[in-house]
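S.K.: Add chain B to chain A, keeping to what the hints say.
Here are the chains, one letter per residue:
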Amino acid sequence: MQTIWFMLVAVMIAVYVVLDGFDLGAGIVQLLVARTDGERRQVLRSIGPVWDGNEVWLLAGGGTLYFAFPALYASSFSGFYLPLMMVLWLLILRGISIEFRNHIDSLVWKPFWDAVFGGASALLAIFFGAALGNVVRGVPLDNAGEFFLPLWTNFGVGGDVGILDWYTVLVAVAAFATLLVHGALWVALKTDGALGERASGVARTGWWGVAVLTVAITWCSFRIQPRLGESFGARPWGYVFPLLAVAGLIGMRALHRAGLAPFLCSSLFIVGMLTSAAFGLYPYVLPSNLDPRAGLTVSNAAAAPYGLKVGLVWFIPGMLLTVGYFVYTYRSFAGKVPAEDEGY
Amino acid sequence: MDALTIHRLHFAFTVTFHYIFPQLTMGLALLLVVLKTMALRTGDEHYSRAVRFWARIFAINFAMGVVTGIPMEFQFGTNWSRFSKSAGGVIGQTLAMEGVFSFFLESSFLGLFLFGEKRLGPKGHWFACFLVFLGSWLSGFFIVATDAWMQHPVGYALGPQGEILLSSFWALLLNPWLLWQYLHNMMGAVVTGAFAMSAVGAFYLLVKRQEPYGRTFVRVGVIAGLAAAFLMLFPTGDGQGKNIAFHQPATLAAMEGLFVTEAGAPLALIGQPDVEHRQLDNPLQIPRALSFLTYQRWKAQVRGLDAFPQDVWPDNIPLLYFSYHIMVGLGTIFIAVMALAALELWRGRLFTERKVLWLLMLSAPFPYIANTAGWITAEAGRQPWLIYGLMRTAVGVSPHVSAGNALFTLIGFMGMYTVLAMLFLLLVYHEIDRGPEAA
Numbered sequence: 587m588q589t590i591w592f593m594l595v596a597v598m599i600a601v602y603v604v605l606d607g608f609d610l611g612a613g614i615v616q617l618l619v620a621r622t623d624g625e626r627r628q629v630l631r632s633i634g635p636v637w638d639g640n641e642v643w644l645l646a647g648g649g650t651l652y653f654a655f656p657a658l659y660a661s662s663f664s665g666f667y668l669p670l671m672m673v674l675w676l677l678i679l680r681g682i683s684i685e686f687r688n689h690i691d692s693l694v695w696k697p698f699w700d701a702v703f704g705g706a707s708a709l710l711a712i713f714f715g716a717a718l719g720n721v722v723r724g725v726p727l728d729n730a731g732e733f734f735l736p737l738w739t740n741f742g743v744g745g746d747v748g749i750l751d752w753y754t755v756l757v758a759v760a761a762f763a764t765l766l767v768h769g770a771l772w773v774a775l776k777t778d779g780a781l782g783e784r785a786s787g788v789a790r791t792g793w794w795g796v797a798v799l800t801v802a803i804t805w806c807s808f809r810i811q812p813r814l815g816e817s818f819g820a821r822p823w824g825y826v827f828p829l830l831a832v833a834g835l836i837g838m839r840a841l842h843r844a845g846l847a848p849f850l851c852s853s854l855f856i857v858g859m860l861t862s863a864a865f866g867l868y869p870y871v872l873p874s875n876l877d878p879r880a881g882l883t884v885s886n887a888a889a890a891p892y893g894l895k896v897g898l899v900w901f902i903p904g905m906l907l908t909v910g911y912f913v914y915t916y917r918s919f920a921g922k923v924p925a926e927d928e929g930y
Numbered sequence: 034m035d036a037l038t039i040h041r042l043h044f045a046f047t048v049t050f051h052y053i054f055p056q057l058t059m060g061l062a063l064l065l066v067v068l069k070t071m072a073l074r075t076g077d078e079h080y081s082r083a084v085r086f087w088a089r090i091f092a093i094n095f096a097m098g099v100v101t102g103i104p105m106e107f108q109f110g111t112n113w114s115r116f117s118k119s120a121g122g123v124i125g126q127t128l129a130m131e132g133v134f135s136f137f138l139e140s141s142f143l144g145l146f147l148f149g150e151k152r153l154g155p156k157g158h159w160f161a162c163f164l165v166f167l168g169s170w171l172s173g174f175f176i177v178a179t180d181a182w183m184q185h186p187v188g189y190a191l192g193p194q195g196e197i198l199l200s201s202f203w204a205l206l207l208n209p210w211l212l213w214q215y216l217h218n219m220m221g222a223v224v225t226g227a228f229a230m231s232a233v234g235a236f237y238l239l240v241k242r243q244e245p246y247g248r249t250f251v252r253v254g255v256i257a258g259l260a261a262a263f264l265m266l267f268p269t270g271d272g273q274g275k276n277i278a279f280h281q282p283a284t285l286a287a288m289e290g291l292f293v294t295e296a297g298a299p300l301a302l303i304g305q306p307d308v309e310h311r312q313l314d315n316p317l318q319i320p321r322a323l324s325f326l327t328y329q330r331w332k333a334q335v336r337g338l339d340a341f342p343q344d345v346w347p348d349n350i351p352l353l354y355f356s357y358h359i360m361v362g363l364g365t366i367f368i369a370v371m372a373l374a375a376l377e378l379w380r381g382r383l384f385t386e387r388k389v390l391w392l393l394m395l396s397a398p399f400p401y402i403a404n405t406a407g408w409i410t411a412e413a414g415r416q417p418w419l420i421y422g423l424m425r426t427a428v429g430v431s432p433h434v435s436a437g438n439a440l441f442t443l444i445g446f447m448g449m450y451t452v453l454a455m456l457f458l459l460l461v462y463h464e465i466d467r468g469p470e471a472a
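In order, the protein sequence lines correspond to chains A and B. When you line the first sequence up against our numbering, it's residues 587 to 930, in that order. When you line the second sequence up against our numbering, it's residues 34 to 472, in that order.
None of these hints come from the bench; they were simulated from the model. Worth double-checking, as some hints may not be accurate.
Over 12 Å on every C-beta distance to chain B, these chain A residues come out as not near it, computed from the model [stated by the list, open to error]:
#1 648
#2 658
#3 817
Examples of chain A residues lying across from chain B (beta carbon under 7 Å, computed) [as the list claims (entries may be wrong)]:
#4 642
#5 649
#6 669
#7 670
#8 689
#9 693
#10 738
#11 741
#12 918
The model shown is predicted, which means the values in this text are computed figures rather than measured ones. In this text, a Cβ means the ideal position worked out from N, Cα and C, and glycines have one as well.
This is chain A alone, in the form it adopts within the complex (with noise of 0.2 Å):
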């Protein structure tokens, strides 16, 4: 049961990760691609009626992680303190940026807001990177499986841990590069014309970047969580995560003219890289750093068994009901958007 929850806990933020994942990448893209209003307005329309539903996925896999693991919830967001409350500023920041543009048009508030878009977009995919590297890393778990890290300390990714150091960092460039040409990769497929090509442009020049720093973080990874090399030890089928995602690289770049593909494959990377990390840690949530054999995993932290099974029962149908509401908005709003196009 707890390991059910634990699956559905991180397809949730997978999906989360491949939605949003878009839209932050769009944001960043767009300093880069869009040369005039009009394309930067096209390069909104193309996430305008979906992002704030992609942001739901993480509200979502947010109470859901609440409710089926509370002492994980508790722990790591008071632990991580700091960092999930800039975090909140920059999802703040983000929203109103891209909600309040073009209500006002003129040429002081349109770049502005366009360039809280890109930065607060950037400086988010680069925060994710670094939660999932502290993740991987494990943290100073106490007796009561508490902790509280600085944004940084030595920079060292032993014992008296910051939320940034060489590995947490070097992660979190690979997430903004991943989410970079993650988001060109969506440009170039809902834009045409000149906006498209340039923003496969970066997709393929980004892609470089993205397999270098997947190569280095794997090997990092290992070297710094033992307990990742272990689970693929005794598990082997667990393979069929990382060959995903390196099917998901390598796609990206053989079919990067074939539409819908290479977008797709993206997806898969991102999702077969998050799975990796996730069946990697299993049986543990929250790692030490300090003691390999504490830390958090899913039974001592999940909620009591009838609240899962109870939770099962809404979660279900409620998650189908969702799918059916993204698969119908999706479709509505298919294909490349047009220079011009109705609004509100």
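M.R.: Chain B in isolation, oriented as in the chain A frame:
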């Protein structure tokens, strides 16, 4: 200030600011369905423009609600980790259900509602509008269900280490506290929406611009406002008051400023609670009315604060007393304002009656104050408990988040929300200035 005080202020400040927006979202969502229905039934472009105009304001307001709402869900973990760890298995249910059942619905169909009028056709667009309304009201339900459980915990058992375990899912959703609190809250939201709509309409009529729209907004706002203001008082306010009387009697005594147990207790209209001397200064009271309202008997005994040990008294009695009295006082004024406007509307004179239009326009901020005061009454009234009778506020806080770190982020939120408030007012004024004609 100690860490606990800052953590409390942190939540109080962010939730108070947040709730400015959802109350209009929920109230306006209902009125949008009304306008959209009129558009569908008449086929008149006038109503479609009216919907598009309010949809633009709705979108700004909704975005503000979303971005200020995310910090609320996160703060349970960041600032109240001990509470979350103990009670997460219970209230995590309703919070996760809010995400799964209402946020997805609301956000998906808001996108379709705002961007898809041509794609969906009139009926499809009406349906998208309706689902946005449904999603926002469901969201209110799950949040009030969460709060209702903290006010009146039901359906739980205590585990071996004192952790709080869910034992009955249905008890959680059918909490007797929940029904009245939810309906009372939703009527409060409709009051805000109705006053906002009639105020914008009155503004247009007063400045003699967009007058056909002004008349529509005033008519819809006044009718909805009168109905909601009445329902606010009875039966929902009455039902909520009885919940408090039966389940939180010490809170009732503090709200009413009743320090001494009395048979035939009076209802204080005005006065200042003097906790040091255990008395109400400068009181203006209706004799025996509190006994009657609570128990329907003029001579019934109502327990005052002296009937309870001081360590279960709400820890800020003046705040509780004033917020409750502001809420009730304003609620009464709302009925009077809307009744007057409705009378003039019925007599066919409202649209030219400038004094009443001024009154409607200037009333717009007050429902926000009343709703805020109502929530302060609920939350300050729950003190000193985080979960009433079960967990004290002081033990729920995150032990490792220091006062300095909490103050840092509180100041950050204050700064950011000040800027957000200014931008919000600027944009809403800008949209009102553009008007429905341009929609």
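S.K.: Determine for every hint whether it applies to the structure shown.
M.R.: Going down the list of hints, with the structure as the test:
1. 648: violated (6 Å)
2. 658: violated (9 Å)
3. 817: holds (27 Å)
4. 642: Holds. Min distance 4 Å.
5. 649: At about 4 Å, which falls below the 7 Å cut-off, the nearest Cβ of chain B leaves the hint on residue 649 of chain A intact, so it holds.
6. 669: This interface hint is violated because 10 Å lies over the 7 Å limit.
7. 670: holds (6 Å)
8. 689: Residue 689 of chain A check passes; min Cβ-Cβ to chain B is 5 Å, inside 7 Å.
9. 693: Violated, because the Cβ-Cβ distance from residue 693 of chain A to chain B comes to roughly 16 Å (cut-off 7 Å).
10. 738: violated (14 Å)
11. 741: For residue 741 of chain A, the interface hint is violated, since the closest Cβ of chain B sits about 20 Å away, which is over 7 Å.
12. 918: holds (6 Å)
Of the numbered hints given earlier, the model fails hints 1, 2, 6, 9, 10, 11; all others are met.
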